[in-house]
Amino acid sequence: MTQAEIKLCSLLLQEHFGEIVEKIGVHLIRTGSQPLRVIAHDTGTSLDQVKKALCVLVQHNLVSYQVHKRGVVEYEAQCSRVLRMLRYPRYIYTTKTLYSDTGELIVEELLLNGKLTMSAVVKKVADRLTETMEDGKTMDYAEVSNTFVRLADTHFVQRCPSVPTTENSDPGPPPPAPTLVINEKDMYLVPKLSLIGKGKRRRSSDEDAAGEPKAKRPKYTTDNKEPIPDDGIYWQANLDRFHQHFRDQAIVSAVANRMDQTSSEIVRTMLRMSEITTSSSAPFTQPLSSNEIFRSLPVGYNISKQVLDQYLTLLADDPLEFVGKSGDSGGGMYVINLHKALASLATATLESVVQERFGSRCARIFRLVLQKKHIEQKQVEDFAMIPAKEAKDMLYKMLSENFMSLQEIPKTPDHAPSRTFYLYTVNILSAARMLLHRCYKSIANLIERRQFETKENKLDASEIQVDETIFLLESYIECTMKRQ
Amino acid sequence: MASRGGGRGRGRGQLTFNVEAVGIGKGDALPPPTLQPSPLFPPLEFRPVPLPSGEEGEYVLALKQELRGAMRQLPYFIRPAVPKRDVERYSDKYQMSGPIDNAIDWNPDWRRLPRELKIRVRKLQKERITILLPKRPPKTTEDKEETIQKLEKKEEEVTSEEDEEKEEEEEKEEEEEEEYDEEEHEEETDYIMSYFDNGEDFGGDSDDNMDEAIY
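Here the protein sequences come in this chain order: A and B.
Note that numbering that gives the first Met the number 0 has the first sequence beginning at 0, numbered continuously upward.
Note that numbering that gives the first Met the number 0 has the second sequence beginning at 0, numbered continuously upward.
Extracted from the complex, chain A is given alone in its bound form (with noise of 0.2 Å):
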């Protein structure tokens, strides 16, 4: 882990569970897999301060544990999972897109505690949006559940893995800690459970109720009271489903702005035809074929079938390589290359980026190098048409802040400088490293005058801009490394 991703998981951490915890988090991303006592020693917090803050590390799936040999376990902290957080505004308002208010509170309710029951889940949803309603209006349990179901169904929230049911007693001491397991099958199933209820309104009378002294209110919720039918089975948000979806918004629009409107809505069937079928490291989706496009349109399209072959040809033939034609069976076999349409996005992102920092002209200089992957000063000069001296210049700046790289061809054996040729190239997956290790700085750095300034809403706004950078760039490394 880069120092500025630590520094970012530990303002994160701050803000969001308190100094305590963001202590003992960063202590394991630091220093990898550790057990209690070490922990409590290293960070010098005591004993009880460090199972308070693993326990909510845990319960929010920030941190997991192993258990070795001799009964030590051992905790490990995700810190990719802990850089999440940024985007969880973005979850919750991609599911209020698709599923309205109630698929909306359901994903936050999952996502500020971590893991819950269906049943708890669903208790909380009606009992907020009940209060949101007019007077005299409740929220039916059954609408709720209705909507959770439709979430398990497409994938975005799934089970948790959920502690081993022994059938025989063990003869020895329970194991210090369990081990959670996870059936493929079972883990968008849904329990069966009818819950009948409705939403409750908290009123005054509740209010005066809460204000009572700790010492009368009784120990445990009523909820205990009566046995809870899905106890056990925990659900949380499915995060790679998020970003499966972020990724398809994020090709559907490029090609919505590339071409037109019913291209990219072509795109977006064949993407939502292969999302259940394809994995997400992919580098492409299964081949569909015209036929089965067609018939799968949104039902207000109603193009003809020589028009969709036409879009579907044209799709192809782009230079971008967005959609592919991988055989000629049922009409045209196509696919949508999402390895090169991640790289596309990745490389017109660093475009940006170097335009606007450095001005038109260098962005010219870096499109020239892309193009002709590996060139020469004095070729530079030729064929972007700028004066030596400026050209030279530019191509030193974006040299030192490392979007481009120098390749030698020696000319011989012994590397003399003099009989070397220097090649100007661009690496794509470096260049995206380094703009995705930029990006998680200057995240750390807004929040940081943020907490400072405490007032200005542009900096939360930056923060959102930056994090959707940090969101394309990453997919695009995930998916080349995967390849390789």
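Derived by calculation from the structure, the hints in this document are not laboratory data.
Watch out, some of these pointers could steer you wrong.
Derived pair list, reagent style DSBU-like, types lysine-lysine, alpha-carbon separation capped at 35 Å [claimed, not checked]: (1) B:K117 <-> A:K114; (2) A:K481 <-> A:K371; (3) A:K68 <-> B:K63; (4) B:K117 <-> A:K136; (5) A:K440 <-> A:K372.
Derived contacts from chain B toward chain A, CB cut-off under 8 Å, selection only [said to hold, decoys possible]: (6) P47; (7) K63; (8) A69; (9) M70; (10) V86; (11) E87; (12) Y89.
All C-beta atoms, glycine included, are put in the ideal place defined by N, C-alpha and C.
Given the coordinates of chain A, work out where chain B should sit on it, guided by the hints.
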């Protein structure tokens, strides 16, 4: 080493690579050497692009701020313990800062967590009780053991069984007394916390007019 000294002595301005290939022509003035680190905030040549506005942006922004505030209110936000002041004050008992026990405010599912993470609750009372009780059980066991040995010097199995039973009873008594003590302790704070005034403000106002009698 000879070549190093020789290289320095021979041509001062010579560099190891062909200067022309890089682009510095003959006779061109090289930029002046930099004698200090680059400035911390160099002037920006290009202004950043304005942030996108619109309904979606506004909504996500509001959501972000709301989430930040909401997370601070949840029980997952652990505040550091209030540092103890120099002298223990009577009002400390009536001021609520943090949970009464040293435990956590929410109930996780303990079946899913390692056992070592569970905090043993009600430390204070336990300490008090453990101070008192250890004196008693040894006494009672000793007494009872003596009487048993005096009266019945028969099967050892019976005595050991009875001892075990007594230990269990004593444990139960301990637990009952623990519970009883808790309830007592909690009922002490029967009054609504916010009504309690620890009286520190009183007496500060009347310093000005010492002539008039205070009723």
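Return the status of the interface hint for K63 (chain B): holds when the least beta-carbon distance to chain A is below 8 Å, violated otherwise.
4 Å, holds
Distance restraint between K68 (chain A) and K63 (chain B), which requires alpha-carbon spacing of 35 Å or less
Roughly 43 Å between the alpha carbons, so the hint for K68 (chain A) and K63 (chain B) is violated.
Is the interface hint satisfied for P47 (chain B)? The criterion is a beta-carbon contact with chain A at less than 8 Å. This interface hint holds because 7 Å falls under the 8 Å limit.
Holds or violated: K481 (chain A) to K371 (chain A), with C-alpha atoms at most 35 Å apart: With a Cα-Cα distance of about 27 Å, the restraint between K481 (chain A) and K371 (chain A) holds, given a limit of 35 Å.
- Task: Could you check if A69 (chain B) really has its C-beta closer than 8 Å to a C-beta on chain A?
- Result: 7 Å, holds
Would the hint linking K117 (chain B) and K114 (chain A) be met if the CA-CA limit is 35 Å?
Holds - the C-alpha atoms of K114 (chain A) and K117 (chain B) are around 19 Å apart, at most 35 Å.
Minimum beta-carbon distance criterion (8 Å), V86 (chain B) to chain A: 23 Å, violated
35 Å Cα cutoff - pair K117 (chain B), K136 (chain A):
42 Å, violated
Return the status of the interface hint for E87 (chain B): holds when the least beta-carbon distance to chain A is below 8 Å, violated otherwise. Violated: closest Cβ of chain A sits about 20 Å from E87 (chain B), beyond 8 Å.
Is the shortest C-beta separation between Y89 (chain B) and chain A less than 8 Å?
-> 18 Å, violated
query = Taking only the CA atoms, is the gap from K440 (chain A) to K372 (chain A) under or equal to 35 Å?
reply = Within the cut-off at roughly 29 Å; holds.
Tell me if M70 (chain B) is really an interface residue toward chain A, meaning its C-beta lies closer than 8 Å to one of theirs. At about 5 Å, which falls below the 8 Å cut-off, the nearest Cβ of chain A leaves the hint on M70 (chain B) intact, so it holds.
When each numbered hint is compared with the structure, violations occur for hints 3, 4, 10, 11 and 12.
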